[in-house]
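Q: These are the residues of each chain, in order.
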Amino acid sequence: MFAYYAQLGFRSLKRNPVLTALMIVVIAVGVAAAMTCYAVFRATSGDPIPQKSSQLFIAQIDNYGPDPDDPSGEPLPWITWRDATALYQAHKAPRQTALYPVGGSVVFDRPGQLAWPVRGYAVQTDMFPMFDVQFLYGGPWSSADDQAEARVVVISQDLNDRVFDGANSVGREINLDGTLFRVVGVSRRWTARPRFFDLDAENGFGDMGDMYMPFGRAITDGRWPDGGNVCNRSYQPGWQNFVHSECVFISFWAELPDAASAAAYRQYLVDYSNAQNRSGRFHWEPNVRLRDVMSWLAYRQVVPLEARMGMVIAFAFLGICLINVVGLLLAKFMRRAGEIGVRRALGASRRAIYAQFLFEAGVVGLAGALLGVILTGVGTLCLGLVFSPVVADLARMSPALLGITIVVALASTLLAAFYPTWRASRVQPAWQLKAG
Amino acid sequence: MDMPIRPILSTLRHHKAGAMLIAAQLALTLAVVCNALFVIHGRLDRMSRETGIAESDIMMVNNRWVAPLSDIPARQSADIATVRALPGVADAFITNAMPLVGASWQSGIRRTPTGPNIESRGIPIMFVDEHAVPTLGVKLVEGRNFRPEEVTRISESGSPDAAAIIVTRTLARKAFPDGGALGKQIYIGSIGARPSTIIGIVDRLHSPQVFATNDDHWQDVILAPMRMTTKGGFLVARAQPGQLPALMKRIPEALKAASTQRVIPQPHGVLSFTDLRQLAFRGDRGLAWMLGGISVVLLLVTAAGIVGLTSFWVGQRRRQIGIRRALGATRRDILLYFLTENGLIAIAGIAVGIILALVLNRWMMSQFEISRLNMFYLAGGILGLLGLGQLAVLAPAIRASHVPPVEATRTI
Chain G
0 MFAYYAQLGF RSLKRNPVLT ALMIVVIAVG VAAAMTCYAV FRATSGDPIP
50 QKSSQLFIAQ IDNYGPDPDD PSGEPLPWIT WRDATALYQA HKAPRQTALY
100 PVGGSVVFDR PGQLAWPVRG YAVQTDMFPM FDVQFLYGGP WSSADDQAEA
150 RVVVISQDLN DRVFDGANSV GREINLDGTL FRVVGVSRRW TARPRFFDLD
200 AENGFGDMGD MYMPFGRAIT DGRWPDGGNV CNRSYQPGWQ NFVHSECVFI
250 SFWAELPDAA SAAAYRQYLV DYSNAQNRSG RFHWEPNVRL RDVMSWLAYR
300 QVVPLEARMG MVIAFAFLGI CLINVVGLLL AKFMRRAGEI GVRRALGASR
350 RAIYAQFLFE AGVVGLAGAL LGVILTGVGT LCLGLVFSPV VADLARMSPA
400 LLGITIVVAL ASTLLAAFYP TWRASRVQPA WQLKAG
Chain B
0 MDMPIRPILS TLRHHKAGAM LIAAQLALTL AVVCNALFVI HGRLDRMSRE
50 TGIAESDIMM VNNRWVAPLS DIPARQSADI ATVRALPGVA DAFITNAMPL
100 VGASWQSGIR RTPTGPNIES RGIPIMFVDE HAVPTLGVKL VEGRNFRPEE
150 VTRISESGSP DAAAIIVTRT LARKAFPDGG ALGKQIYIGS IGARPSTIIG
200 IVDRLHSPQV FATNDDHWQD VILAPMRMTT KGGFLVARAQ PGQLPALMKR
250 IPEALKAAST QRVIPQPHGV LSFTDLRQLA FRGDRGLAWM LGGISVVLLL
300 VTAAGIVGLT SFWVGQRRRQ IGIRRALGAT RRDILLYFLT ENGLIAIAGI
350 AVGIILALVL NRWMMSQFEI SRLNMFYLAG GILGLLGLGQ LAVLAPAIRA
400 SHVPPVEATR TI
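Protein chains in written order, with numbering that gives the first Met the number 0: chain G, 0 to 435; chain B, 0 to 411.
Looking at chain G on its own, in the form it has when it is part of the complex (with noise of 0.2 Å):
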């Protein structure tokens, strides 16, 4: 029997080319706007660290007050030293670390080189299990480095591979802006999409860093913070005058294990909040938020606004794509309403023709899916036009980008296909034959 419907089928679809090149050529358009835009959106608004991402929280506290112009209510993306360091000391998550890019330079002995540009991170030992960092050579430094502001340095495996030619270099030594530090670890490659900890460089879409310093060796030798700030306070001029200040620039991140705990750290730092007004530091209702990561990623909004409007339009069009082929497939079918006729008056029953046609619709799905995945890998190529080159590379044909692409033109098809196919069955052949 299935043999006789795909027959009949191929058959049908040969009678009409244009047409049917039509449907397949629609459907096929439709599924890659929507599924190269998909692609973005996915590689976009993923879960940078699914195994922990319930777990880490990123801690915000209002020391500035309410502000007359910003009707939000939000606190800063980031807090002072002075409050990182407060959080820092009374230790009340089981891991935390407060954190802020940093820059600097790598100074090679060897005469006539320009020195290489690093970028990184000034954080607490912590931060390396909590990340789930791994490595390649040693490990993170330890507390006492941390105590002692100790002239240490992770580097990247990447980092390594160019000072060092990839060698184990535990032990040697780097020389940072003419400062030397003392290699302890070297991370392997690792990816967090977004950079969950960073949003502020290349819209969280950029590599991890190369260097990761202790939070107070950074503090002391006055490195200033490669990334954002806020100053809504005057303060003199200075390094010393700037940390001490009420400018933010630091992200303080706490490991929570459970609800409960997360739910005490909230309250830790609403009564924190409550003894700086006691000390007559702040003047308002406590402000503080506490977010896991996803809904830091969602506050921030990471998801480029192309990649958002581009998601809208192209499912909509896909939608309009669909329209038109239930709108074809209905002409098709319908004009062949004789021939319904004709076998229905000869014992096919309902089913019989309903198979029949839903089969004629699938292979035209069959063929749009083919087609559309061929053109959502152009599509995925030419995201480079729209996107920045990191998120263009994150987007990239992936078989489960394959796999939703084909089963997202079949599902769209059978769909279109639904209404043309029951009213294909319900053709009354006694009229049909009457008027033939």
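These aren't lab readings, by the way, just hints derived from the structure by calculation.
To list a few chain B residues with every Cβ distance to chain G over 12 Å, as calculated:
{"id": "1", "residue": "Pro6"}
{"id": "2", "residue": "Ile7"}
{"id": "3", "residue": "Leu43"}
{"id": "4", "residue": "Glu54"}
{"id": "5", "residue": "Ser76"}
{"id": "6", "residue": "Leu181"}
{"id": "7", "residue": "Gly327"}
{"id": "8", "residue": "Ala347"}
{"id": "9", "residue": "Tyr376"}
{"id": "10", "residue": "Gly383"}
{"id": "11", "residue": "His401"}
The following label-pair restraints were derived from C-beta to C-beta distances:
{"id": "12", "chain 1": "G", "residue 1": "Arg161", "chain 2": "B", "residue 2": "Trp362", "range": "47 to 53 Å"}
{"id": "13", "chain 1": "B", "residue 1": "Asp44", "chain 2": "G", "residue 2": "Asn167", "range": "53 to 59 Å"}
{"id": "14", "chain 1": "G", "residue 1": "Ala166", "chain 2": "B", "residue 2": "Trp362", "range": "52 to 58 Å"}
{"id": "15", "chain 1": "G", "residue 1": "Ala347", "chain 2": "B", "residue 2": "Ala394", "range": "32 to 38 Å"}
Even for Gly, the Cβ is constructed at its ideal location relative to N, Cα and C.
Knowing the structure of chain G, use the given hints to seat chain B on it.
A: For chain B alone, coordinates are given in the frame of chain G:
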């Protein structure tokens, strides 16, 4: 044209599904296309903003000095002297920010020492010296340029309260709506800042950021006569006419020859302003192409759908058309019949489409910081789609009008 509407409507009742499909398609197409065109217009508008500088002769080196902060002033002075002495260089200066580079220092500004901010958003500040105005080629419309003795230093954590400043015309008007901003004082940055006297007003200078908003905030810039003691900075040079390509090589080579204790990032370390413009607007241009492409394909798909369904109807009604022709209807009557039928469907679809377009626009306003849909686009979209529908239906309608009256006597 006395085309009876009633018979058409009663015929349509027999093709409810098809008519509704075409109407729905037109409605969605109108909603998507006029919003997409509106977004494209906004992006093109942003891309065509004039920066106010001599773009075609300007290049910049994004330089990072490898030296302790205490050595930075000397390194900066040496480098800028090196660049200014090169053949082909008209003038040069060092700054923290340039139009279109992205981020920059921003501050609130006030008319009084402790009063409210004039503008709720931060005002970008470019730290420059007396060479900036001639190098950039910005037009001073009032007042004067900085004098060398007015140029001071600022640290990364310093206060940008320069004694003398130059502002753009839009900012001058915002600070002093009644005019006469020249010679007046404003307060930049934190409470406690010293007053800054406006000594010059430039016609136009694009902010380092590319703002999405429609107002003229993109033209609000302060030039402060300060050189920032910071490890990174832009060396900006203006080439003598025709010398830019040569300078793109000559300047970085001269800098490397002067000292290797520096980092010039790859890529984008050495950029002509034209390159910078390309980079800054890549997303806008790309989005415009993407939405434009989708709109064009969408119109084609919609037109193809109309052709397909109408052809089917024509095929289905050959006998009826033959009967009408036999009873005296002219070819023109048949043609008009199908055009009118399509027109009626299109009007119904477009009526729904107008509502959808406004709803989509409202939703996009809340999501994407775009402004209210310009009614010009809606009107354009309506006329365009009506035209497209008529055009699409023309071929099948003409075929219908050629159905001979003898068709009435034939069976299928």
